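Peer 1: As a plain string of letters, each chain reads:
There are 4 protein chains.
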Amino acid sequence: MLRERFLKTRTRTQQICSPLKIEDYSVQPMTDASPPKWHLAHTTWFFEQFVLVPYKNEYSEFDKDFAYLFNSYYNNFGDRVMRPNRGLMTRPVVSEVLDYRAHVTDNVAELLAQEDCPDVVHELVELGINHEEQHQELLAYDIKSLFGNQPTFPLYGTVYCLPEEGKDQDYIKIPEGLYEVGYQGEDFHFDIEKGRHKVFLEAFEISNRLVTNGEFLEFIEAGGYADFNLWHAEGWEFINQHEVRAPLYWHKIKDQWHRYCLEGLVPVNPNEPVMHISFYEAAAYADWRGLRIPSEFEWEVASQQLDWGILWEWTSSAFLPYPRFEKKPGAVGEYNGKFMINQKVLRGASVATPEGHSRATYRNFFHPHLRWQFAGLRLAR
Amino acid sequence: MLRERFLKTRTRTQQICSPLKIEDYSVQPMTDASPPKWHLAHTTWFFEQFVLVPYKNEYSEFDKDFAYLFNSYYNNFGDRVMRPNRGLMTRPVVSEVLDYRAHVTDNVAELLAQEDCPDVVHELVELGINHEEQHQELLAYDIKSLFGNQPTFPLYGTVYCLPEEGKDQDYIKIPEGLYEVGYQGEDFHFDIEKGRHKVFLEAFEISNRLVTNGEFLEFIEAGGYADFNLWHAEGWEFINQHEVRAPLYWHKIKDQWHRYCLEGLVPVNPNEPVMHISFYEAAAYADWRGLRIPSEFEWEVASQQLDWGILWEWTSSAFLPYPRFEKKPGAVGEYNGKFMINQKVLRGASVATPEGHSRATYRNFFHPHLRWQFAGLRLAR
Amino acid sequence: MLRERFLKTRTRTQQICSPLKIEDYSVQPMTDASPPKWHLAHTTWFFEQFVLVPYKNEYSEFDKDFAYLFNSYYNNFGDRVMRPNRGLMTRPVVSEVLDYRAHVTDNVAELLAQEDCPDVVHELVELGINHEEQHQELLAYDIKSLFGNQPTFPLYGTVYCLPEEGKDQDYIKIPEGLYEVGYQGEDFHFDIEKGRHKVFLEAFEISNRLVTNGEFLEFIEAGGYADFNLWHAEGWEFINQHEVRAPLYWHKIKDQWHRYCLEGLVPVNPNEPVMHISFYEAAAYADWRGLRIPSEFEWEVASQQLDWGILWEWTSSAFLPYPRFEKKPGAVGEYNGKFMINQKVLRGASVATPEGHSRATYRNFFHPHLRWQFAGLRLAR
Amino acid sequence: MLRERFLKTRTRTQQICSPLKIEDYSVQPMTDASPPKWHLAHTTWFFEQFVLVPYKNEYSEFDKDFAYLFNSYYNNFGDRVMRPNRGLMTRPVVSEVLDYRAHVTDNVAELLAQEDCPDVVHELVELGINHEEQHQELLAYDIKSLFGNQPTFPLYGTVYCLPEEGKDQDYIKIPEGLYEVGYQGEDFHFDIEKGRHKVFLEAFEISNRLVTNGEFLEFIEAGGYADFNLWHAEGWEFINQHEVRAPLYWHKIKDQWHRYCLEGLVPVNPNEPVMHISFYEAAAYADWRGLRIPSEFEWEVASQQLDWGILWEWTSSAFLPYPRFEKKPGAVGEYNGKFMINQKVLRGASVATPEGHSRATYRNFFHPHLRWQFAGLRLAR
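Chains as they are written, first to last, in this note's numbering: chain U, 370 to 750; chain H, 370 to 750; chain Z, 370 to 750; chain C, 370 to 750.
Bound-form chain U, shown alone (with noise of 0.2 Å):
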């Protein structure tokens, strides 16, 4: 059964691919973002350093070279190529790289197959397929950053599409109480999750649903943008330094809000959840309503209330290790732990996150002033 998901993760990462262009493969259109290309190629690294070299016998890499191509930020495997130099790879071509990608699926395939195979790996695949998806999800980031950076918008497809947020602004008491928070069981789970600790809430109240384009334009329209009183230092630095006004792929055309969605620029629906912004605009708008973010333990405990899925949600907590937390010695190590700075924890999913992957105690984290991830925000008061 493992190996089958593995097979279904392989194939579904090349699926996302499928609307692209050769063309679209080698651009890196920001720095924080990836080539499609090298997503493609470094999940398939991730297998070949991580599970085939150590642990299948007599295998033999594909390419001596693609070790050190297709590291991303994992130092204990030595040099690699620096993350705003990866847009200038263009070699391997992307046929070069699904042979990669097919010679690595063969491999790990057969490995699992193999009645004698090791825990260990089951182990390595499991994290490998986890670290599948989550550049699986990164794909869709960078593909939106790509075509909402080229003048002409192309389309995509619709497969990212929000719904609208149909439900009514309610929200949902949680009193004060000693909570257990952190991952507990034996499925899968990053090691950031696990330390299941307690934690001390004061009663609160959170929102049944995302803030809305609708509700966020009245804050636009209200000059949010503008009063220095609703906004971290540190925001408003930005905001003013990157002439920020609007949430990111929003284009104002003639008197009319548009944005880049994968299908094409299209007006902004009042309806959908608001998406693309940054965490300063996100504290910047609750400030506006005189209401708050809710902190990750406050998202966690109330999360079997809440309807969530739609879009990574923004909370106040910083990145930070929980209780008991220790990172693995070597490159598994470098997985998590040494993010933890300057970050802000987002709770719950998106419709860019595959299946399956992500649940209540799983802790995403960005930079404070990204917007290219699928965030929105939910407020509790």
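Treat the hints as calculated values from the structure; they're not laboratory data. Just so we're clear, the structure is a prediction, and the values are computed from it rather than from any experiment. Not one of these hints is a red herring.
Listed below are the simulated BS3-like cross-link pairs for lysine-lysine, each with C-alpha atoms no more than 30 Å apart in a straight line:
{"no.": "1", "chain 1": "U", "residue 1": "Lys567", "chain 2": "H", "residue 2": "Lys696"}
{"no.": "2", "chain 1": "Z", "residue 1": "Lys377", "chain 2": "Z", "residue 2": "Lys563"}
{"no.": "3", "chain 1": "C", "residue 1": "Lys563", "chain 2": "Z", "residue 2": "Lys567"}
{"no.": "4", "chain 1": "U", "residue 1": "Lys696", "chain 2": "H", "residue 2": "Lys567"}
{"no.": "5", "chain 1": "Z", "residue 1": "Lys542", "chain 2": "C", "residue 2": "Lys696"}
Computed Cβ-Cβ distance ranges for the label pairs, DEER-style:
{"no.": "6", "chain 1": "H", "residue 1": "Gly583", "chain 2": "U", "residue 2": "Glu606", "range": "38 to 44 Å"}
{"no.": "7", "chain 1": "H", "residue 1": "Gly535", "chain 2": "C", "residue 2": "Ala478", "range": "55 to 61 Å"}
{"no.": "8", "chain 1": "H", "residue 1": "Glu492", "chain 2": "C", "residue 2": "Gln384", "range": "52 to 58 Å"}
{"no.": "9", "chain 1": "Z", "residue 1": "Leu586", "chain 2": "C", "residue 2": "Glu724", "range": "49 to 55 Å"}
{"no.": "10", "chain 1": "Z", "residue 1": "Val422", "chain 2": "U", "residue 2": "Leu586", "range": "38 to 44 Å"}
{"no.": "11", "chain 1": "Z", "residue 1": "His611", "chain 2": "C", "residue 2": "Arg374", "range": "42 to 48 Å"}
{"no.": "12", "chain 1": "U", "residue 1": "Asp676", "chain 2": "H", "residue 2": "Glu492", "range": "43 to 49 Å"}
{"no.": "13", "chain 1": "Z", "residue 1": "His611", "chain 2": "H", "residue 2": "Leu547", "range": "55 to 61 Å"}
{"no.": "14", "chain 1": "C", "residue 1": "Ser429", "chain 2": "Z", "residue 2": "Arg452", "range": "56 to 62 Å"}
{"no.": "15", "chain 1": "C", "residue 1": "Gly659", "chain 2": "Z", "residue 2": "Glu545", "range": "34 to 40 Å"}
{"no.": "16", "chain 1": "Z", "residue 1": "Ala572", "chain 2": "U", "residue 2": "Asp434", "range": "52 to 58 Å"}
Heads up, incomplete: computed chain Z residues facing chain C, CB under 7 Å, no partners named:
{"no.": "17", "residue": "Asn444"}
{"no.": "18", "residue": "Leu547"}
{"no.": "19", "residue": "Lys567"}
{"no.": "20", "residue": "Val568"}
{"no.": "21", "residue": "Phe569"}
{"no.": "22", "residue": "Glu571"}
{"no.": "23", "residue": "Phe597"}
{"no.": "24", "residue": "Lys707"}
{"no.": "25", "residue": "Phe708"}
{"no.": "26", "residue": "Asn711"}
{"no.": "27", "residue": "Pro737"}
We put the CB at the ideal spot given by N, CA and C, even for glycine.
Position chains H, Z and C relative to chain U; hints supplied.
Peer 2: Same frame as chain U, but now just chains H, Z and C:
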């Protein structure tokens, strides 16, 4: 008695500057620091704008331009000289700023002596005293930065010297429990300390003393600055970009580590607490020792059993609002709330902190890369 | 005959791209370079905007957006994609750009075949051919930059290889005199060559051949890159900031200097002319030899006795207007005049220059720090 | 007599600083400028290092550190304080620098009074006087920059005021011919003026007066700063990046143009020559008038018929070596040669130029974007 404290505070600020030459007052050694003259003037501006202009009958401003020149970050007061340009202001000269100080000090003292002086003035003067005390501490940092960047390493004096750390290493045990943190009481405190609230802490142990230079030297000599596994990704980038290989003000001269303290360039004393390390260095050191940095709540809960007050102590906590935190409207509301992003909390006090200024619930905060403040490290496990 | 030359030029541009993979067309390896696809489209845009739109009856533009997408620096044509963003344009795809080329080529050919085709069209097509020839040369530079920055150093082909420099070192003597320089005649030439005028030259001697790799290696091995006395202040800053220690594309591998040429990474051949050096390096080398770089007028006066055409040759002359130079009004006037600042003149031609494109009065120009163009060095005394 | 000139020069430098407050001496308003204290010390350093250390018996340096602190760009003298950090040096204080000046002045005067004082000392003192005169002029620029960037626009004095331009516009005709340019004679001159040589000039006409503020205002009001056709590409980028819309130190206050001159902020006088324009602005202005900037040789040939000396005049010439130019070995050789790139020649003199310092063959030079020097514009055709 408030009047006496006010006058004493005003005098002390000028005493801190007494070892300076006129040339030293106007120069800004780096963007994060301000020229001493600016501190003298800005603390005065605070009393003039917040107290005298609104509450003193027929008060006439010392100089209309000063409202613009010595505003720090209060957007509500309109335009201001941007921080990186503070070091260009050679005029008004020092003697004019001292006249400005005298003028404002006299007027505030006079206002405080009035029988009908309203309560709000007492509150604002209290805030202004605490504000000026914070600048007294910043003055020490900025003078050290100025002198420590002179090729000639001038002498300031011995007033900020650190005592040796005499205690044997020991750990104080704190049991698991639901604790209360945050300020409670009637005395002066900042809004960010308020919101006395419960936190659940797992059992932990906290060191009875600060990390020393000698211990930190072991980290340096073991190659700690060269082992990426110990560092946050951003910390690793920071130390490599800025070629950080030791605490700030340390210089290796003929194989012997020296450090600039305000007495001049002296050999590093292994028994003194290490200071002038960034959060990144603190975290890498803790990781190398297999220990960790305590959270601000662990620190606060343990604080009665700790011997603190030599150096501010980095905590693992991000600077975030407490439950029920409310930003005050207008300029006073800009004091703290807008800095609640990408900063780490420090607890305790330092040799540069005015007596009585800090307390167990006091929350200081700096960006994780900053090193010029008087900060050290206490470990936990 | 113009029609034939036009068609031949259009075909040759595409031939230069024939060794490329689709992935190679859209990527921009550095700000000074442009993606190959952009060159293909921009040269086409030039004919469309300058020839077809104004002079072809009932011509309909291939795509309205392309006027914006493929404008280079002609402010008179309105908004344009800024140079650093050219590498983001994955759309239109290569096949669409080739369709665009075919469409425009056919229409221009048709226009040229018309009996009543006006003279101005002939002039503009002539300009367009020369413009496209310049881009053919830039294509070679930019492809080399793209391939030379690939970690895999791909093979392009042998077409741009340099012959060995076979001649013994000798100096050609030119007597003092009043000489005439600048273009005179009826054939195509650029406005910047015009203004045939007299210059007085003192007697000088000019080398019969270019500086070779072997000679330049002596400079490297003598510590030329480390001796500030040899360098312009800005050159010294440039090489240290960018860690320039050898010509561009040189790599020291196991104590042996190699260079990327379009055939791959090969050992440096000491008998080939040195190429890919900046003006700063050229000047430092000349100073070290106790010789100097000739002026553009010395070069032109000596040109009949020189064997030139392998590499563009740096001259000591700044790129300045000749007497009686006049900028044409409108977009054509933007062609050259506005670059007459901070640039150095290069004379001659290179192996990448289309046959018949250059001449003795031809003035090429680049900023003194640039190294990716096919430039070498001839000395004088 | 050299001794008297030396003493007079030393005194005058200090007189230029007499309107300054102590606070003004150490601050550096921008990277291109230096603090007044630095000029006082560096001109002294020059005499100490070039004259006293090598030629005065038993001379002991005033302070060993000063050789490092006050070196400007002489790499041959080893490490130096980098230009952008000169403004951090509050120590030595002004009185110490004045002591340093007195010490060196006395020693040089004593050496010059010795009967056996060698010729080379006379030559070096002559060079030192001219060097100090150049710094006297830079002092005026840098003090203006410091005061002009103070929010309070302090008063310096009237000594550098410009006279009104009284002459009617006229053009002086110079016939075609072979002219001689460059220094010839026995008096002091810089190496870059030498190499008296012939140049051929076509007939030209040169204005009898400088462009005035009134004329330049016409350019501003005609939208000259907004018409890209008038600008070099780099000039266009420069003015837009830095939002240059008028000469430096101009401020529009209630629809009336004012400018900071050293007397304070005054309305722009249309009859004064325009000053503080970059070469880019000069060139755009000339283009707009349908005229051009003369070359340095045209200027020199016409100089006897010109009334010059109020402002340095931009020429169209790049700063390049004359025929037979030779860089002297060692530190003196660093004086000028290494700046011969990307700079424009200015001719004439300004109100800040010490009497007798300049001459018709004198070649001043600045980067084309610089505006803080006392430069104006004379047109030709």
